[in-house]
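Once you've looked at the hints, dock chain B with the ligands against the given chain A.
First to last, the sequence lines map onto chains A and B.
1 is the number of the first residue of the first sequence in our numbering; add one for each residue after it.
1 is the number of the first residue of the second sequence in our numbering; add one for each residue after it.
I should point out that these hints are in silico values taken from the structure, not numbers from a laboratory.
All figures in this text were calculated on a predicted structure; none of them were measured in a lab.
Take these hints with a grain of salt, some might be off.
[As the list claims (entries may be wrong)] Covered by chain A, per the in silico footprint, the following chain B stretches (three or more residues, Cβ under 8 Å):
id	stretch
1	157 to 171
2	174 to 184
3	188 to 199
For each residue, glycine too, the CB sits at the ideal point set by N, CA and C.
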Amino acid sequence: MATVSLKSINKLFDTTQVLYDVSLDIEDKEFVVFVGPSGCGKTTLLRIIAGLEEATSGEIEIDGIEVSKAHPIERGISMVFQSYALYPHLNVYENIAFPLRVAKLHKTEIEKMVQRAAETLKLTDRLQYKPGQLSGGQRQRVAIGRSIVRNPKVFLFDEPLSNLDAALRGEMRVELSKLHKNLDTTMIYVTHDQVEAMTMADRIVVISEGKLEQFGTPMELYHRPESKFVAGFIGHPKMNFLSVPRLSINSSGVTVDLPEIGEQLLPVDAIDMIDGQKIEVGIRPEDLMLSATETGLPMKVEVLERLGGSTLVYGSVHDNQNFCALLPGDTNVREEEIIKLAVNPANVHVFDSKGTAMKRREVPIV
Amino acid sequence: MERFTFVQKFFLYLGIAVFLTFILLPFFEMFMTSLRPLEHLFRSPYQFWSDDMSFQAYFDIWDTVPLLGRYIFNSVFLASVTTFLCMMFVIPAAYSFARFKFKGKTISLSLFLGVNMFAGAVLLIPLYKLLRSMGLLNTYAAMFVPGAAFLVPTGIWLLKAYLEKIPIELEESAWIDGASRMYILRRVVLPLAVPGLIVVGVASFIGAYAQQFLFAITFNQKREYMPLPAGIFEFVGYQSVIWNQLMAASIVGIIPVLIIFLFLQKYLVEGLTKGAVKG
Ligand SMILES: Nc1ncnc2c1ncn2[C@@H]1O[C@H](COP(=O)(O)OP(=O)(O)OP(=O)(O)O)[C@@H](O)[C@H]1O
Ligand SMILES: [Mg+2]
Chain A
1 MATVSLKSIN KLFDTTQVLY DVSLDIEDKE FVVFVGPSGC GKTTLLRIIA GLEEATSGEI
61 EIDGIEVSKA HPIERGISMV FQSYALYPHL NVYENIAFPL RVAKLHKTEI EKMVQRAAET
121 LKLTDRLQYK PGQLSGGQRQ RVAIGRSIVR NPKVFLFDEP LSNLDAALRG EMRVELSKLH
181 KNLDTTMIYV THDQVEAMTM ADRIVVISEG KLEQFGTPME LYHRPESKFV AGFIGHPKMN
241 FLSVPRLSIN SSGVTVDLPE IGEQLLPVDA IDMIDGQKIE VGIRPEDLML SATETGLPMK
301 VEVLERLGGS TLVYGSVHDN QNFCALLPGD TNVREEEIIK LAVNPANVHV FDSKGTAMKR
361 REVPIV
Chain B
1 MERFTFVQKF FLYLGIAVFL TFILLPFFEM FMTSLRPLEH LFRSPYQFWS DDMSFQAYFD
61 IWDTVPLLGR YIFNSVFLAS VTTFLCMMFV IPAAYSFARF KFKGKTISLS LFLGVNMFAG
121 AVLLIPLYKL LRSMGLLNTY AAMFVPGAAF LVPTGIWLLK AYLEKIPIEL EESAWIDGAS
181 RMYILRRVVL PLAVPGLIVV GVASFIGAYA QQFLFAITFN QKREYMPLPA GIFEFVGYQS
241 VIWNQLMAAS IVGIIPVLII FLFLQKYLVE GLTKGAVKG
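With the rest of the complex left out, here is chain A (with noise of 0.2 Å):
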């Protein structure tokens, strides 16, 4: 049982602002991720959650209780770190059963705890080894274990997987998975890495440059995105922006003049916006395909990536000059060519000039 909530936290680090004013239910048993690019304070915050780091301002409640001042014990959570800060002069079974010693339990129930731990992360045949003569992998692992030993409430993990290969990583976020739905409490967890955030997440929370951007769960981030910068973030390969000329904005939406394809109507809750007589429109690679008729998006095709069951196409559109689009695999498509493309227009995302999302109209219920 353990939620955890955020009230307003501020973090300065001498004079310099690295998070602002951050507001962030979790619920019990949830696996949530920070995602967000480098530098953005999802360290920080994540230690700040932990204890390692004090806030500025603003509180921190665990399972209700006020902890902002609490001991990284006594708020009930353990932490994995992303160099995974194994004792390099213990081996395995210590390395695990470091937080029981001092917690002064005794050898036997050490023994039965460190045994179901190693067995749950397929360690027992490790146990005798140092963290020198292990894998990435199984190092990972061992610093998994040493977090679940002592039954945390709260699990936070500090890009974990970052120093793994592409292959390995791919086979730990499931592992982790399941070990989110065997372990049945709150994980938090932190990464660059906008896949592993679809992937694992419940929920995932975007942070840009110290702010909160949204909280949502994956497929709401990808289909209601709320700022040109979540979009772009969300979703891979990363959504096409263009900015194109306003004609009208009334009840119905927003009329653009799209490239080519002229007056379009966008079914969004429109903001009506004042300054400039431009707008951003974004599309995503996937909504897009070869136009049936003669009208559609021009793309001068630039670079082709053929992956068999679908194909990416690189060019340029417009004043874009890294447009991409998701088209299936067998599509007869050359590069130096020129191809029109199509897309629905329920699918266009509008952003207005501060980079605010429009409400789209249509809208798959997720």
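Chain B with the ligands only, in chain A's frame:
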């Protein structure tokens, strides 16, 4: 793959040879002198080898200076106590300097370095007065207390540099697991700092051994408490100096230290060359 060509290697070894000759020749001559009978020493012309050379001096020293064994023991004892005392202060201080932020940290660190600039000799008279008022003159403490005090600053600097290389996450992780500061120091930091501790310990021991002469002749008049460098003066008589026995006694006095070094050499080299502890 050879890293050096033959010519490079030749000059490299030549350089080492010249260097070693300069360092070791005095020791060699010391050893040779200890083997020669006293008359031989003043023979002219200089004779490198003669048939009357023997280890006789090594037996005679114990009669000439009956307390010699005591002096050697004193030396090793004083250097050990000095080192131990010094480490008791260096370890917590270096750890604090390496890990905590506090007011006056930079200033106190530079002050420590500054203290090292004063040769012990400058402070002899104030120290003498201090020790007298504390009633410590003519005791072992008169030698190891100031001895340790002079070694603490260097020790702090050396160990601090070493401790800073231990990844902070190890300590943070232990902290999160509920370990107290002292527990972390004992179970995590010190085991990882062993090579560094040995380097600092050995450096302190050498320092203590080298400086005890000055403190012994100034703060102590009891023969039984004298360390070897001071006690060895008994070979210097009013009329003559018993050179061969003096040299023999010096060599015997160095041997215990030499043995310690041979054992610690491995760590010493590792400690000086190995960088961070891999996590
Ligand atoms: N101890 C510190 N003192 C001063 N500034 C710090 C400190 N720790 C972090 N910062 C600053 O705070 C900002 C956020 O750092 P943080 O480590 O939280 O980023 P992050 O999101 O975890 O990035 P990454 O993905 O690269 O790990 C950075 O600009 C960093 O320079
Ligand atoms: Mg980080």
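- Message: For the stretch 188 to 199 of chain B, count the residues whose Cβ lies under 8 Å from any Cβ of chain A; is that count three or more?
- Response: holds (count 3)
- For the stretch 157 to 171 of chain B, does the count of residues with a C-beta closer than 8 Å to a C-beta of chain A reach 3? Holds, because 3 residues of the stretch 157 to 171 of chain B bring their Cβ atoms closer than 8 Å to Cβ atoms of chain A.
- Query: Counting residues of the stretch 174 to 184 of chain B whose CB is closer than 8 Å to a CB in chain A, do you get three or more?
  - Reply: holds (count 7)
Checked against the numbered hints above, the structure violates none of them.
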